[in-house]
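Novice: Single-letter residue listing:
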Amino acid sequence: MTPDLAHEIAQLTLEHLTLVLVAMAIAIALAVPAGILITRRAAWRPWVLGFANVMQTIPSLALFGFLIPVPLIGGIGKRTAIVALVLYALLPILRNTLAGILGVDRAVRESAIAMGMTGSQLLWRVEMPLAARTILAGIRVATVTTIGTATIAAAIGGGGLGVFIFRGIASVDTTQILAGAVPAACIALAADALLGLLERRWSASGS
Amino acid sequence: MSAVVEFRGASYLIGERRILNKIDLTVEAGETLVLLGRSGSGKTTALKMVNGMVFPSTGEVLVEGKSTTAWDSVRLKRRIGYVIQEIGLFPHYTVAQNVGLVPHLEKWDAVRIRDRVDALLRQVGLDPLHFAARYPAQLSGGQRQRVGVARALAADPDVLLFDEPFGAVDPVTRVELQKQFLELRTSLGKTAIFVTHDVREALMLASRIVLLRNGAVELAATPREFTEAASREARAFLDCLDFAAPPP
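In order, the protein sequences belong to chains Z and W.
If you're matching positions, the first sequence starts at 1 in this note's numbering and goes up one per residue.
If you're matching positions, the second sequence starts at 208 in this note's numbering and goes up one per residue.
One chain only, chain W, in its complex shape (with noise of 0.2 Å):
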């Protein structure tokens, strides 16, 4: 099985602190990871070193098979799709130029640009005539979402990152997008590196959890074995599952 992404004891210092600590990680095609960890616990940090928009400052990360410093900068980035939580869409371009971003950057014909862009903006339930002229002002924060995760997905990457996507929307929301995410990842095949610090998401939507706590990482397990783990912050985690749910 060919690791797509690998850290190998990969730090991150930022003067005295250290942000990450000696992380040794392999992301395997196909699967879903979910960082998941306190806040200033790395895991965007982490996130960050895979499209390289933050280098290790000891040890290295690879991405199919290459480190992230011999990769070409803007080549990397291209191939890798990532959202964010404040999405950043272009306030100036329309959802459909906004989606097709990349593409054009690659150079595609327009008519290919056009018809992908209509095809992904199906693929995550918007309809290309209600929206594709539309600006992002004009959507709803869940449509913004959606319109973030065509646009990762339009250059067909084969790594997708997720810094805490769905964090800003209300939880009705928030519901729909994880299912979407869910069945999008089954159609779709790709592997994804998910952030979150929220233990439902972590555990509906991981094939593999990793836990993160001060800059180290303390636990990697599928979500069934994370239920059972014993590791104090793994509990810390789960116990807020107890608190979320209604009294007897």
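For reference, chain Z alone in the conformation it holds in the complex (with noise of 0.2 Å):
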């Protein structure tokens, strides 16, 4: 391992992490209020839930692709990248919220109504708490999935580990694709055990 590899390795795992991070946030703050919004409207679900299963179907790649060409939001880049990366992580935390808010007790729910609670008392202080292990489940699984997804921003010019990967693919050179893949997928385990110890705390709470 040369020091110019490891700077590099260096400089494009924070890039890679940066591209996760920022995706996931805006992918959280999108679809944990979707998701509380169509335990309210059901009539809301087929279309919200459709939409990110579509999303997460479409290839990976090809969602890339896609979004070249669109205005605002597309060119090659960072930005184009970060579009695609919360696109694909929509899907779980969508679905996670919904069956976590869902599955609170009938009778947990019913008697939280005749004590009084208003729709956000319940909401904050029965449904969140109750769905929050589902919920978090639902964003580790994301969370993790977007880490691999990512490797393929380099495609189009978003950076991240995956350049190491491309380039190594287009160079034959394995020490190229292992630079990338090693520190991505150690990324992904440390993800992985990180939120899932906050899942075990959550559970310790009595819930």
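These are computed hints drawn from the structure, not numbers from a lab.
Accuracy of the hints is not assured; some may be wrong.
Claimed, not checked - Only pairs whose alpha carbons sit at most 20 Å apart, straight line, appear in this in silico EDC-like list of lysine to aspartate or glutamate:
no. : chain 1 : residue 1 : chain 2 : residue 2
1   : W       : 255       : W       : 267
2   : W       : 314       : W       : 325
3   : W       : 255       : W       : 231
4   : W       : 255       : Z       : 105
5   : W       : 397       : W       : 223
6   : W       : 255       : Z       : 110
As the structure is a prediction and not an experimental result, all values here were calculated from the model.
Since each chain sits alone in its own frame, please combine them into the complex, following the hints.
Specialist: Following this line, the structure appears as structure tokens:
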């Protein structure tokens, strides 16, 4: 491992993490409220879930490609990559938010309403705490997937560890490929472990 | 005598199905009115009309002289205690937090809440030292039901609603809870509406029994009058008592 390579690994790892963190922050900020909304508006469920489902079904490389010609959010580079990553991360978070909240025991919900809890008290004091573990599981799945999918960002100039992988494939250089794949896998495992720990912590508080 | 709760021609329809049919009923202050009936007779729906969980399709239900549709929904519910069979304790709250819920929502100060919770737990036969910090998952069915009753009493409501609260516990615990209900009833003097399909429970706890059949009031009587009733539905229930008795 040359010092240049080590330096580049560090740089691209940071770039990769940035892509993932920004995309996940946006995805959570969109998908959790959307999930809460569709627990209250059943008629919207097929549309919202359907949209997220379609986004997930499109092969990721194709999704990155489709976005290039789109005005405003398109083009080559990080912004497009983040848009694609956000779209890809929506479904697991959305589905788990819906399932987590609807999964709250009927008797608990009924007695909360009968105690005179307002809609927002019901949501924040009962539904969200009880759904938290399920929602976090969805976030964990989405995060791990996003770390992997973010390697494709390099294909459209988004940077990240995928740069090594594509470069390595093009020049048939295993070192380059591993320089990209190994850190990416490590980050994914670390994220999975960390978020898994948080999930278990949550269940320890008696829910 | 002021009627605390009054049903005036209250009906409830779901599509074509008539769940409740023009119910006229008054509940006087301090009495324990038992709504007795088979499954599907509309008794739970009638109960839910009192605290505004359900609104009548036609007619009205008055609580303290005001229609439930005119009451602020949240205020009405906070003034009425509600105990259901599955109890519905919050699994992520301790016993103390569960019992203190409505006082907390009503912004009582912490010391007052804590004192109230301790007093109520003692009143339902649970030692606060042992139980206040426990979670519902650590309690038996009977203990959970007691916590549910304490929770319903916490903000000192004038009216209490019970929906088959003792149905899911074993017979020994059930009798204990029924006895406790009677003690509380006497010492607290609250108005209670109690739904059950158990005629023995009805006879034991009621100051008045209202028998519902197919969504209509079949009979309203004191327990004594009920045992002497000629109505076929009443006799059907009373015959169940004989069946449960050991053969001579």
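Novice: Hint by hint, note whether the structure agrees.
Specialist: Checked hints:
A hinted pair counts as satisfied when its Cα atoms are at most 20 Å apart, and residue 255 (chain W) with residue 267 (chain W) qualifies at roughly 13 Å. The hinted pair formed by residue 314 (chain W) and residue 325 (chain W) meets the criterion: a straight-line CA distance of about 18 Å does not exceed 20 Å. Straight-line distance between C-alpha atoms of residue 255 (chain W) and residue 231 (chain W) comes to about 15 Å, which keeps the hinted pair within the 20 Å bound. Distance hint between residue 255 (chain W) and residue 105 (chain Z) is fulfilled; the C-alpha atoms sit about 19 Å from each other, no more than 20 Å.
A hinted pair counts as satisfied when its Cα atoms are at most 20 Å apart, and residue 397 (chain W) with residue 223 (chain W) does not qualify at roughly 37 Å. Restraint check for residue 255 (chain W) and residue 110 (chain Z): satisfied, since their Cα atoms lie roughly 11 Å apart, inside the 20 Å limit.
Consistency note: the structure conflicts with earlier hint 5 alone.
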